[in-house]
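K.L.:
Keeping their order, the protein sequence lines are chains L and P. Numbered by this note's numbering, the letters in the first sequence go through residues 1 to 286 in order. Numbered by this note's numbering, the letters in the second sequence go through residues 1 to 241 in order.
Just so you know, these hints were derived from the structure itself, not from any lab. Just so we're clear, the structure is a prediction, and the values are computed from it rather than from any experiment. For each residue, glycine too, the CB sits at the ideal point set by N, CA and C. There may be inaccurate statements among the hints.
[Said to hold, decoys possible] Short derived list, chain P residues pointing at chain L, Cβ under 7 Å:
(1) Gly36
(2) Gly40
(3) Arg136
(4) Ala139
(5) Ser140
Chain by chain, the residues run as shown.
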Amino acid sequence: MGEERQQSTLGRIVTVTSGKGGVGKTTTTANSGAALAALGRSVVLIDADIGLRNLDIVLGLENRIVYDLVDIVEGTCKLRQAMIRDKRLNSLYLIPAAQTREKDAVSPQQMRTLCEELRRQFDYTLIDSPAGIEQGFRNSIAGADDVVVVTNPEVSSVRDADRIVGLVESSELPTPKLIINRLDPALVRRGDMMSVDDVTDILAIPLLGVVPNDETIVTSTNRGEPASLDMESRAGQAFRNIAARLNGADVPLMVLEEPDGAWHKFLRSIGLRGNRSAPVQGKGAS
Amino acid sequence: MAERYQGADDQVRVRGTRDGLVLRLPAEAPLPVLLGMVRGSIDGGGEFFQQSELVIDYGTRAPNVEEIVALRALLEERGVRLRTVISNVPRHGELLRSWGYQPLRIVSHVEDGADVSQQPAGDAEQSALYVRRTLRSGASVRADGDVVVLGDINAGAEVLAAGDVIVWGAIRGTVHAGIDGDFGAIITALRLTPTQLRIATIFARPPDQRDLGPDIPMVARVHNGEIIVEPWRPERRGARA
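For reference, chain L alone in the conformation it holds in the complex (with noise of 0.2 Å):
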């Protein structure tokens, strides 16, 4: 009621968030980060991390860091001093975590504050939240316009989802939408992992993207190269449809069906498993 941004002319916070550690937060935000930025959005990656940054290691700047979060909050820099153009990207930037401190080192109203000046200077601001539901996600979810919630085809991850959803829903936020990260649809099928529809009956959010499990994550990971950057990269090409989609495109779900298994060629070949769309559509076992 009353307070209406003026979307049209200032950016949108986006706050990437899970419970859980481990889902794939850091992934999914440098990953669709940079496929905003490679659709010509300005971008800015805020890593909220404080104490356990990761995010300035999967761009591969962290030799370039000199200020961060915590320096501009408490005056130490200028916003512009803390931000990292990307090495490839150059409408990408990263703000990086402070190392060395704690999360109470950041206020909400600290980050409210600088999200309001972010919005301002860049189409995107993702925030890269901490696991957990304490203080460190309630800074990362204080200036946001709209949350992400991030999970794995697996109860735990799920049930940690759930508490998220119902935290954000608390906050006065609008319904988060949710990531499946790192489906491995043979095990679906097999009745081995949860599907796609299993998650979504139990949250029942909008679903913004299904990742495939791909070890080229890893690889990527590791060379501080983001594969949503990587053409050949299925979970690259998930990701590129995910920053699509954040960027008001309607993109269909992918089919995560490995093309070309010998054994999927004769299935289809003998008509047992045609051109279906995306098995991610169905309960799983079939």
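Given the coordinates of chain L, assemble chain P onto it according to the supplied hints.
P.N.:
Frame of chain L, contents of chain P only:
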């Protein structure tokens, strides 16, 4: 409008909550001033308050029977029903309860309390607590009467009710009906795949092998000292699949 009493916690505030309107009283204000303020708030709201129900929140103010009677009369003159009276101070809460004003009984473990939805169980026989949303992991709902949930009760959430628990949705979490010892309480859901069910003092959990059972409305009740789960309206006729 009412004359304003000076200071911070010194005004009548009305807030809309999930459970309706809550009128928060100032900490100090003497009775005549208080009545003036309440009158101002209600009359200032025009038709907004007509035929509505209101919860009076004493906050930190010390409750007093004559005052509540006067407030109730004032509200009733204006077609507003006083649903119950609550307080932030536990001691005052007990006092209010002893006067017949049931507290809003939903407790939530969510840290900032923003996930709290509340409902009086004032006249528990007539009014069930109606929860019109999905209860997600970490949410906890308690009621002195029956509970109706339009939405799911997800794993990690719990509902505790003195009466029945009716869920138009899935139960994946823990539900305890008849917490005060009512073995006649029942639990129903469109999809009953709970973590655990409890009725009165009896606990039950689904079998370990994950046979989710038929996807039809089910009811759990106590039969011969055990919780049994069976399809709602078990007549064969019209039964699906």
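K.L.:
Hint P/Ser140 vs chain L: min CB-CB distance below 7 Å?
P.N.:
violated (11 Å)
K.L.:
Holds or violated: the hint that P/Arg136 contacts chain L, with Cβ atoms closer than 7 Å.
P.N.:
holds (3 Å)
K.L.:
Classify the hint on P/Gly40 as holds or violated, based on whether any CB of chain L lies nearer than 7 Å to its CB.
P.N.:
Because about 22 Å separates P/Gly40 from the closest Cβ in chain L, which is outside the 7 Å limit, the hint is violated.
K.L.:
Per the CB criterion, is P/Ala139 less than 7 Å away from chain L?
P.N.:
holds (6 Å)
K.L.:
Hey, does the P/Gly36 contact hint survive, CB to chain L under 7 Å?
P.N.:
It is violated, given that the least Cβ distance between P/Gly36 and chain L is near 28 Å, above 7 Å.
Hint compliance for this structure: hints 1, 2, 5 are not met, and every other hint is.
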